[in-house]
Each structure stands twice: as structure tokens, then as C-alpha cells.
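Residue numbers (full-length UniProt numbering), protein chains in the order written: chain Z, 1 to 203; chain C, 1 to 203; chain G, 1 to 203; chain E, 1 to 203.
No lab work stands behind these hints, which were simulated from the structure alone. Hints may contain errors.
Copies of the same chain are indistinguishable here, so a pair counts whether it falls within one copy or spans any two.
With a straight-line cut-off of 27 Å between C-alpha atoms, the simulated DSS-like cross-links for lysine-lysine are [unchecked claim]:
| no. | residue 1 | residue 2 |
| --- | --- | --- |
| 1 | K109 | K51 |
| 2 | K63 | K51 |
| 3 | K29 | K51 |
| 4 | K63 | K5 |
| 5 | K175 | K56 |
| 6 | K51 | K175 |
Please read all numbers here as calculations on a predicted model, not as lab measurements.
Protein chains: 4
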Amino acid sequence: MDNVKLAVVYYSMGGTNYQLARWAEEGAKEAGAEVRVLKVPELAPQSSIEKNPVWKAHVEETKEVPVATLNDLEWADAIIFSTPTRYGVMSSQMKQFIDLTGGLWARGKTVNKVVSAMSSAQNPHGGQEATILSLYTVMCHWGAIIVPPGYTDSAIFGAGGNPYGTSVTVGQDGKMIEDVRSAVKHQAIRTVTVAQWVQKGNQ
Amino acid sequence: MDNVKLAVVYYSMGGTNYQLARWAEEGAKEAGAEVRVLKVPELAPQSSIEKNPVWKAHVEETKEVPVATLNDLEWADAIIFSTPTRYGVMSSQMKQFIDLTGGLWARGKTVNKVVSAMSSAQNPHGGQEATILSLYTVMCHWGAIIVPPGYTDSAIFGAGGNPYGTSVTVGQDGKMIEDVRSAVKHQAIRTVTVAQWVQKGNQ
Amino acid sequence: MDNVKLAVVYYSMGGTNYQLARWAEEGAKEAGAEVRVLKVPELAPQSSIEKNPVWKAHVEETKEVPVATLNDLEWADAIIFSTPTRYGVMSSQMKQFIDLTGGLWARGKTVNKVVSAMSSAQNPHGGQEATILSLYTVMCHWGAIIVPPGYTDSAIFGAGGNPYGTSVTVGQDGKMIEDVRSAVKHQAIRTVTVAQWVQKGNQ
Amino acid sequence: MDNVKLAVVYYSMGGTNYQLARWAEEGAKEAGAEVRVLKVPELAPQSSIEKNPVWKAHVEETKEVPVATLNDLEWADAIIFSTPTRYGVMSSQMKQFIDLTGGLWARGKTVNKVVSAMSSAQNPHGGQEATILSLYTVMCHWGAIIVPPGYTDSAIFGAGGNPYGTSVTVGQDGKMIEDVRSAVKHQAIRTVTVAQWVQKGNQ
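Here chain Z stands alone, though its shape is the one from the complex (with noise of 0.2 Å):
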């Protein structure tokens, strides 16, 4: 049987989402799975990233993460979303890639990705919780197969205990406040897990 494809799909501006990305990578090769970090494309004017110093680094840093495309999420057999949030919903940038997916959408091949996700925020309950439900409100329409953490590793009481997903509050100074790196990891390694009993249920 085939190894899980896990497609880690996410937005950063300042790299915390990247970074949860990251760890999610680490959690699911660990779980054998074969993992593609994407980021969604920018919406923002190059103009608009020139000024923000941090932005620009970050856009730098990770210049040769590739660009998720449609391609992506059909080879995926499980995706995880990170994306910061944007007054209680998923950014702008991560709705319009998830918007265009209406090809797919049309031809089935949404339905049954294992999918799962994270997000982050600048104050404790700004929108931590609210963000996360706004993509499995997504989900749904896809046909997908939400997994969805809960309480299923102590790493996540650690972590804030967010039951819909890993999340983070970044503080003034950019940096994560809490330790989530177990938390990722973990709902990493549940969602490939997921999506190896779909993957061998389902042959």
C-alpha cells in the first residue's frame, strides 16, 4: 500500500503558520506519510510587503516553498489548513485558493480527504477557536472526512486544549506564546492516521 499523501496548506505573513507547518511535516513523516508544504498564493501587492519588514523576511525565507495548486490537493489523500485569523475566519488569501477549487469540487474529487486544521491569532480567544470552525464549515461542502483533534493526546491540554485544532497566540513581539509544537505534531500524526484506515479500508 501506498504511503498517506499529506498536503500542509497554509497562509503566513509573519511565519507562525509556517512554522505550525513545518511541525505538522515533522508529526506526519514520522507517521510515514509523504508530506508537500504549500502556501496559498499572496493576494497582497508586493507593495504592501516591501513595508512591512517582518512580511518581507518571511516572504523571503520561504521564497522556495512551493505555491499550492489544485493538483495538490487532488494527489493529497489528507490536508491540513493553517492559517492565521482574519476576524474569526480564515484569511483572504486561504479562502480565495480554497474558492477555486470548484473544478475539483464538480468532478468528486474533494470528497473523502482526511482534513484537519490550525490557526493562530494575536489575543488568546481572537478568533482561535471560530477560525478553525470556519474551514470545517468548508469541509463539509467538499464531502471531506473532518478529524478534528479533541482530547485525544495530553499534548493538546498543554497546548490551550483547542478541540477543533491546534492554535497559537502570537505576541507583540511576533514570537508564539505557547508551546504547540507537540500539539501539531500529534494532530499531524491523528490525521495520517485517519487517512491510512480510509486509505486501507477503502482499497
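Following the hints, complete the assembly by docking chains C, G and E onto the known chain Z.
Just chains C, G and E now, with coordinates in the frame of chain Z:
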């Protein structure tokens, strides 16, 4: 390998969600599942029921239907919930039943249940979507595997195209307006199928 | 012009939401409101309460607090709800109380109530956002005017920055972890202030 | 006292949400408001629009409609949003426009805007509720005052009974299936009326 064990847990005053539950049972049995159709405990006093002829008749008609217990939830590999909307959120009877599962939850017995949900309302957009989504929020806390129907079958379009779960509008006369039987059956078959994958993969 | 009449309707097992309700009362009175702090009816049997010393003590401590009635809701110009999370949705006790307002609703008596909500959870991201949003979904059905705090005061940032409503994390010892008193008071003042506008404008 | 200033901010590919916006304008003007109907910027490349005759025709037809700006939001006392669903959440075009309001938000200029929302979908339950609720989640972050229609007028029942906001189903031929004009007008009048109360009370 054992057959998948499916609990169809419903709340019904006038019979709509009971009927949805029976159709789910029908589909699930065709898919080879062992099925228990179970009603959640009533919170209303008998005196309220007595005053409402439709309600009273339904309670009478379903007096042989077993009341859902925590043992049923522990027994089940998969659970389909069916609840009328009450202001866009599941009915208090359903919520109360779920709120009492803390012991199961603490022992990890809610993890990896394969779940799906259905709803009804008196208006076409009177909470049919939101009610199901409120159940999925709860299911994240359980560490369940959420299997919405999406648009995985043409029957769904005929039933109003609710990707979160089958829903139906109840007319002034208490009868269902849309013909949702095929959509319910499909949702049940899909839920059982994914539960089979999880069961087989997870051995 | 009459003072704004505010009902603070809460459910509490261990005292957290009762305390939030009292702080809301404090803020609302400073803003000139007439306030009723009201508990929703308990659904649990006395035997369950007896087995839990903290719960029992809280029930004892608050036995003089009036139980919320439909008359209180009709009386009120504004309502603040406070409920612990139960799996990311309001507690069944709160839901049951609200589900019984169908008569008020049918007579148009829930329209234009100025409402806001608060919550608590044992994990920082254990439903603090989602629980409040579940209440706002319900409030849409009422035709209420929903007044979330947003980020309208610096106290909100200190309390975890929940824009949906004040929320608090309850530690293993049953004590609140964040200091949310100022945020609760601000939320109450804001709710009363908007209710004053509605009252004055609507004359 | 000045008239209430209402911005009706919409995204439309085929004309449905544009029509909803125009009906909202009609109602709002009857209620004495000064109204701006505004489209959010398009994210799709011109080449995509060119390939779709309906889309192209709509873009052509509405080329004189002003594009919404941050100044419009600052100007407005009240805002009605109208967006097609995209997988149960507002369209990325609408989200992108809203995501760019961070500067307004930081200066407190989104506080106390009186807001309401409308949506459309191709299936009766294809996100008509969830899309509007996603907008209200965002509005909480703004510190807005949310005014859903609830069931405050009989026209709402005729339009499908969506208490979150008026929504409409678009048939295969691109035409609206339900007659929602009266419901939209009512929603606009209600929004303007509450905005008048806030304006008058807040002087």
C-alpha cells in the same frame, strides 16, 4: 470482522426526526450495519405533552423505542444524530443527553466515533444548517470523526442540497415538504461505510 | 425616561458564571440600569448535586437568587447570558430555558432585546468562543440586537481578547485564571448603553 | 439630525447579490437613509471573467457601480453586506475587502456600525445560513451592533424564513427562485431604523 454498530440518536416531538431516524436505519442496514434507533430522554413534563395531541400521539407511538443510554454510545462505532432546530441549535433534550457524556469522554470512549447529523425546521432556512453545525462543534470536543454528506450523491440535491447533513422542512400540517428519504439513506450508508474503513483500518 | 432594565441570566455549577453575572450587575448598575441577576432552572437531579461538594455548596450559596422566568425576559430591555461551555455550545440548562420561550417569541416579545453573552471553560480554547457564538445564533432567531464587546475597551485585551464576549478559564482548583472583572463590567456597561440608545431612539 | 448613512456592500458574479443590494437600497431610501451601493473589488483576472458570458455581462452592466473603499465604511452609520456563499462562508472577494480594514479597526472606526447581512446559494441549504453567520462572526471583531431580521416581519416567512438575513436560491438558469424583494426591503428598513436609534441615542 464484526458489522459496524450504528446508533441513530434522535429527538422528536411530532415524528419528523423519528422518521428520519428510521430511514437512516433502513440505509444503514442495507450497508450491513447493526443498528439501534434510540430516543433521547424527554425534558418536558408529562402535563405539557398531554396538552398537545400531536406530541402525545407521537410519544405513544414510540413508547417501545428504547431510550438512548451511555452504554449505547460506548457500544456504537458510528452515531447519527437527528434533532429539530430550536433557534438554530440542537434541542435542549439532545443537548442534555450529550452533556451527560462527560464520563465517557473522560475515559476516551468518544474518540473516533464516526458521526453525522440531520435536522428539521419549520422554515426552509430556519436553522437547518446551523443546527447541524452546532452538533459538529460538539463532536470536535469528542474527538469524533465527522462525516458530513457534502454533495456525494445526487439524492442530496433533490433533498435541498444541505452538505452538512440531511434536513427537512416541516409544514404547518406537520408533514415533511421535501422528499428526503433517499438523501437520508445515502447519508446513513456513507456514515456506515466510513465507519467500516475506520474499523478495518484500525484493527 | 425609565432606566434600562437588564436581566443577567446565568447557569453555574461551581460559581464562575455566577461571579461573572455579579460583575455584570456591578457594571450595569454603574451605568444606571435596573438589574436582575437570575439563574436558569437546574436539570440535574438533586442526587447528582449532593455527590459533588463544590456544586452542592454553590447551589446552597445561591439559593436566594431568583430563578429566571419568562416574565423576566419580557420585562427586560437587555439581557446578558452567561454559561459555561458544554462541548462548545451553551449548557443544556441554558438551552432548555431558552427553548421554552416559544410563546414569548410568537408574540414578538423577544424582538429588539439588546443582548450579549459570556462563557467559561476549563481549557483556554475549550469552547470559550464557540459557546458565545452559539448563543448569538439563537439570538438571531429572537430578532434581538446583538452587542458583542469587540475590542471596544482596553480591559478586553487584558481578559484574553475575546471579541464575542468575556470568557474565562477555570483552573483545576475551580478558580478563574484570568482577571476578567473589568472586561465583564465594560461589557455590561456597553450592553446597557446600547439598550439606552434603543430605548431612547425607539420612543 | 442627519439621515442615516447606509453602505450596501456586495459581491456578485451573476447579478443576484447586486439585485439584493438594489432592493436593500430601495427599502433604506424609503426609511429615509442616504444610501451607497458599492461592489467589493474583484480578485479574479479579467481573462476568467471574459470566459464566462454571464459574469462578463454582469461586470459590464455594473461598471458604473462604485467600488467600496475604506472611506465608505468610515462614512457609513450602517452597513448591509450581500455575498454569495462559497462553501458556506462569504466569498473571498468579500473577505479580502474586509481583511483590509485593519487600519479602520485599529482607530476604532468599525465600532457601533449597525450591520446586517444577506446571501445566496445554488442549493436551498447550500450555505445560505452559514454564510451570513460567518459575516456576523467577523462583525463581532469590529465591535459592530448586529441586527439580524429574525422573524420581525411576515415577508420573512415568504422568503424562506431565514432569521439571520435574507437569502435566496439561484436556479440553474441564474434566476432567483424565491421572491425575496419584500424581505430584503424589510431587512434594510429594520437596519436603518436601528441605526437611527443608535444615532439619536448616541448624540
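Hints, one by one, checked against the model:
1. K109 x K51: between (39 Å within a copy, 23 Å between copies)
2. K63 x K51: within (18 Å within a copy, 32 Å between copies)
3. K29 x K51: Neither. Shortest intra-copy (36 Å) and inter-copy (42 Å) distances fail the 27 Å Cα cut-off.
4. K63 x K5: within (23 Å within a copy, 45 Å between copies)
5. K175 x K56: within (16 Å within a copy, 43 Å between copies)
6. K51 x K175: within (20 Å within a copy, 45 Å between copies)
In this structure, the one hint that does not hold is number 3.
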